[in-house]
Amino acid sequence: MDKTVIDFLLDSAATNAERVLAERRWFILSPEAWDEFEAVLDAPATETPKLGALLSEPTVFDSQA
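Position 12 (the sequence shown) corresponds to 12 in this note's numbering; numbering is contiguous.
Read the hints as simulated data drawn from the structure, not as lab findings.
Keep in mind the model is a prediction, meaning the values are calculated, not measured.
Beta carbons are placed, not taken as given, at the ideal position from N, Cα and C, and that holds for glycine.
Mixed in with the good hints, there may be bad ones.
[What the hints assert, rightly or not] Derived CB-CB ranges, DEER-like: (1) V60 with P31: 39 to 47 Å; (2) R25 with E47: 32 to 40 Å; (3) P49 with A14: 34 to 42 Å; (4) A43 with L21: 19 to 27 Å; (5) E57 with P31: 39 to 47 Å.
Based on the provided sequences and hints, a complete structural model is requested.
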C-alpha cells in the first residue's frame, strides 16, 4: 500500500461524506448560513495561475480530426 495512514483516513472520510451527502435530498441552512452561501455564489470568481494555465491549454474539442 502506497498510502500513509493519514491519507487513507482522509480518503475514507471523504468517500463516506460523499456517499452520505449524495443520499440527502434536502439541505437546510440557517438564514445566516444562507446569506453567506449566496455571497460566495455572487462573488466574482478568482483566477489562479494554475487555473489560467489549464484553461489556456487546448482541449479535446479543439483538436482537428
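| query | Of the hints stated earlier, which fail here? | reply | Of the numbered hints, just 3 does not hold.
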